[in-house]
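*Asks:* Required output: the full structure, derived from the provided sequences and hints.
Using the UniProt record's numbering, you'd call the opening residue of the sequence shown number 1 and step up by one each time.
It should be emphasised that the hints constitute simulated quantities derived from the structure, not laboratory data.
Treat each hint with caution, since some may be false.
[Unchecked claim] Lysine-lysine pairs mimicking DSSO-like chemistry, simulated, CA-CA at most 27 angstroms apart:
1. Lys343 with Lys353
2. Lys281 with Lys592
3. Lys34 with Lys373
4. Lys298 with Lys343
5. Lys181 with Lys133
6. Lys351 with Lys361
7. Lys133 with Lys166
8. Lys563 with Lys470
9. Lys146 with Lys130
10. Lys34 with Lys166
11. Lys170 with Lys146
12. Lys592 with Lys563
13. Lys34 with Lys130
14. Lys361 with Lys397
15. Lys373 with Lys162
As the structure is a computational prediction, the values presented were derived from the model and not from experiment.
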Amino acid sequence: QVLYEQEGVFIHSSCGKNDDQDSLMSGVLRVIEKENEVIVDWRPLDDTLDTSNILCAGKDSSSVVEWTQTPKEKCAQGGDRPSSYEAEWDMVTTVSFKKKPHSNGDAPAHANGESKWSFLFSLSDLKSIKQNKEGVGWSYLVFCLKDDVKLPALHFHHGDSKLLLKCLEKHVFLNESPQDKRVLLVNSQNKSLSQSFENLFDEPSYGLFHKLKKDPYTVTMGKFSKVTNYIFDSFRLSDTSHQRRPPAEMADFFNDAIPGLKINQQEEPGFEVITRIDLGKQPEVTRGEPVSAEEWAKNMDSEGRIVDVDYIKKLIFKGGLCHTLRKEAWKFLLGYFPWKSTKEERANLQKRKTDEYFRMKLQWKSVSEEQEKRNSRLRDYRSLIEKDVNRTDRTNKFYEGEDNPGLILLHDILMTYCMYDFDLGYVQGMSDLLSPVLYVMENEVDAFWCFVSYMDQMHQNFEEQMQGMKKQLVQLSNLLRLLDSGFCSYLESQDSGYLYFCFRWLLIRFKREFSFQDILRLWEVMWTELPCQNFHLLLCCAILESEKQQIMDKHYGFNEILKHINELSMKIDVEYILCKAEAISMQMMNCKELPQAVSEILGIESSSVTPDSDTGEDESGAVLSCPTSSYQSVSTPVIAANGTRDSPQHTSETHSLTPA
1 QVLYEQEGVF
11 IHSSCGKNDD
21 QDSLMSGVLR
31 VIEKENEVIV
41 DWRPLDDTLD
51 TSNILCAGKD
61 SSSVVEWTQT
71 PKEKCAQGGD
81 RPSSYEAEWD
91 MVTTVSFKKK
101 PHSNGDAPAH
111 ANGESKWSFL
121 FSLSDLKSIK
131 QNKEGVGWSY
141 LVFCLKDDVK
151 LPALHFHHGD
161 SKLLLKCLEK
171 HVFLNESPQD
181 KRVLLVNSQN
191 KSLSQSFENL
201 FDEPSYGLFH
211 KLKKDPYTVT
221 MGKFSKVTNY
231 IFDSFRLSDT
241 SHQRRPPAEM
251 ADFFNDAIPG
261 LKINQQEEPG
271 FEVITRIDLG
281 KQPEVTRGEP
291 VSAEEWAKNM
301 DSEGRIVDVD
311 YIKKLIFKGG
321 LCHTLRKEAW
331 KFLLGYFPWK
341 STKEERANLQ
351 KRKTDEYFRM
361 KLQWKSVSEE
371 QEKRNSRLRD
381 YRSLIEKDVN
391 RTDRTNKFYE
401 GEDNPGLILL
411 HDILMTYCMY
421 DFDLGYVQGM
431 SDLLSPVLYV
441 MENEVDAFWC
451 FVSYMDQMHQ
461 NFEEQMQGMK
471 KQLVQLSNLL
481 RLLDSGFCSY
491 LESQDSGYLY
501 FCFRWLLIRF
511 KREFSFQDIL
521 RLWEVMWTEL
531 PCQNFHLLLC
541 CAILESEKQQ
551 IMDKHYGFNE
561 ILKHINELSM
571 KIDVEYILCK
581 AEAISMQMMN
591 CKELPQAVSE
601 ILGIESSSVT
611 PDSDTGEDES
621 GAVLSCPTSS
631 YQSVSTPVIA
641 ANGTRDSPQH
651 TSETHSLTPA
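*Replies:* As structure tokens, then:
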């Protein structure tokens with residue numbers, strides 16, 4: 001992806017000292033992002049690239065970077081040279097300008113009389129940028145690399161040097177040097193911190209918090225188990241006088257990454273705890289059997305209408321669905337089919353939706369290469385989709401192997417969704433949501449419209465401002481504090497009160513935490529919207545409460561908590577967590593003094609809720625839409641048969657805003 005491109009950027013090779021050839025060389029300056037690495041490239045307009053001037057970065061077995069000169073033979077083999085700009089970056093991943101002996105000032109000596117000035121470098125190798133004096137001549141920039149190599153000054157005859165700096169500031173911090181205001185120091189802090197969690201130590205990037213803001217998917221999808229003290233040291237920056245920054249300051253870092261995220265980190269000053277809410281003992285619940293095809297058919301009338309929707313939803317919530325039934329039932333659960341529709345109405349709907357789908361698919365299929373060259377957003381969407389499709393659930397038989405038809409469908413559906421919602425387009429993580437849907441539907445059109453319905457629920461998670469993520473993290477903090485204020489206080493004492501480690505769970509609805517088959521069960525249970533609103537937040541509470549004892553008993557700190565939570569992936573018992581989350585919902589719905597903020601999060605109507613307590617201010621604006629009675633009317637009696645793990649009684653503190 002080309003982030004910045006400017007022609008009319010000159011190198012003044014003679015520097016005004018001697019009449020040398022190529023005294024003014026016009027070239028093109030580009031900033032390119034390739035696989036989470038940002039590269040700055042300048043080359044003459046004729047695009048002549050003498051590879052003797054380029055050093056290729058490779059890694060040996062000990063991950064030490066070795067700079068080796070590119071063989072001239074590669075340049076001579078014109079047919080082998082990549083024709084596209086993108087392919088060229090596959091061959092040369094990282095390069096550095098080769099320092100040459102200087103004969104007179106800054107002008108390199110050329111033994112063969114040829115101009116050899118092309119250069120490119122990774123932004124991670126940049127140390128500083130020197131600017132010209134304002135108002136004196138053409139604006140120019142001089143890049144200095146970390147190995148103290150100074151690249152030739154780039155003169156912007158058409159202006160726009162400020163635009164380049166703005167582009168670079170999206171990826172690195174630029175600070176004025178105290179010694180010289182014309183010099184901008186590149187602040188990459190701890191290089192190990194500023195790498196994505198997914199490929200720590202392997203994949204360069206430029207700051208965890210900027211990266212979180214820019215691409216939350218990549219940062220949070222990765223393996224937290226690789227996160228070590230590098231993160232913690234970088235949070236402390238150069239402050240070595242303290243073992244740990246205070247929780248409020250840690251929250252500030254994440255507030256910068258997710259603007260508007262407000263989670264309480266300390267008690268309200270000047271107020272005391274005057275009331276306590278007893279949630280009572282957690283009831284033990286059991287799961288039922290999956291709904292069978294026979295049970296489903298029994299609940300349909302002669303025209304194919306579902307007779308008792310609440311009853312069917314309750315059965316699905318308690319036991320899920322048998323796999324053969326999912327293809328039909330998911331269309332209802334996701335809202336593609338109306339619950340009260342007849343079989344004929346559904347057939348007509350599918351016919352209309354099939355036409356609509358293929359009209360949208362034709363829109364991107366008919367875009368020529370020339371057109372796409374002038375449509376950067378479509379190019380970006382396609383590039384991201386192709387990259388993600390090739391790594392989505394490839395161990396699943398439905399998607400494994402090369403030229404798999406499942407992968408082609410995955411790609412085509414995501415491209416068509418870009419036509420359906422061009423403003424959102426494609427954001428990394430959406431392939432994770434589509435994959436199980438396509439696996440179940442085994443049909444391109446049905447999978448697309450079910451995915452559209454799912455994305456209607458998840459849309460805010462992927463928007464640039466991340467409103468959905470902010471809202472859910474605040475709501476989760478409120479629920480967890482009510483459930484176990486002591487655990488919340490412990491997390492805050494370990495700089496983890498912002499619950500950032502739950503980000504991945506919320507972003508793609510636990511897709512990476514459970515096995516593929518378990519996620520099918522979990523999602524269909526959540527889609528029933530029982531027993532209350534935001535049941536997925538209670539699932540988070542259930543997982544955290546299950547791990548509370550180990551986290552607190554072993555005195556896990558910031559790094560250990562991140563590592564431990566990440567390592568839960570694929571080890572969580574889905575049936576146990578569903579039971580526990582349901583038990584927590586029953587605890588809260590039976591509470592006669594439930595704080596108003598919590599009632600709104602869960603969509604519970606209660607005549608005896610207390611005013612907002614210090615479980616955290618709810619800014620979600622949630623509406624009451626699921627009265628307590630609606631779940632109780634379809635719930636089955638609690639059966640105390642599971643008993644595999646004891647559920648301790650929880651008493652939670654509530655803080656009233658009464659002066660101490």
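*Asks:* State for each hint whether it applies.
*Replies:* Hint by hint, here is what the structure shows:
1. Lys343 with Lys353: Distance of about 15 angstroms is within 27 angstroms: holds.
2. Lys281 with Lys592: With Cα atoms ~14 angstroms apart, lysine 281 and lysine 592 stay inside 27 angstroms; holds.
3. Lys34 with Lys373: Status holds; Cα separation ~17 angstroms.
4. Lys298 with Lys343: This hinted pair holds, its Cα atoms lying about 15 angstroms apart.
5. Lys181 with Lys133: 10 angstroms, holds
6. Lys351 with Lys361: 16 angstroms, holds
7. Lys133 with Lys166: This hinted pair holds, its Cα atoms lying about 18 angstroms apart.
8. Lys563 with Lys470: Roughly 23 angstroms between the alpha carbons, so the hint for lysine 563 and lysine 470 holds.
9. Lys146 with Lys130: At roughly 14 angstroms apart (the allowed maximum being 27 angstroms), lysine 130 and lysine 146 satisfy the hint.
10. Lys34 with Lys166: Judged against 27 angstroms, a Cα distance of about 19 angstroms means the pair holds.
11. Lys170 with Lys146: It holds: about 20 angstroms lies between the C-alpha atoms, which stays within 27 angstroms.
12. Lys592 with Lys563: 38 angstroms, violated
13. Lys34 with Lys130: 25 angstroms, holds
14. Lys361 with Lys397: OK: lysine 361 and lysine 397 at ~26 angstroms, within 27 angstroms.
15. Lys373 with Lys162: 26 angstroms, holds
When each numbered hint is compared with the structure, a violation occurs for hint 12 only.
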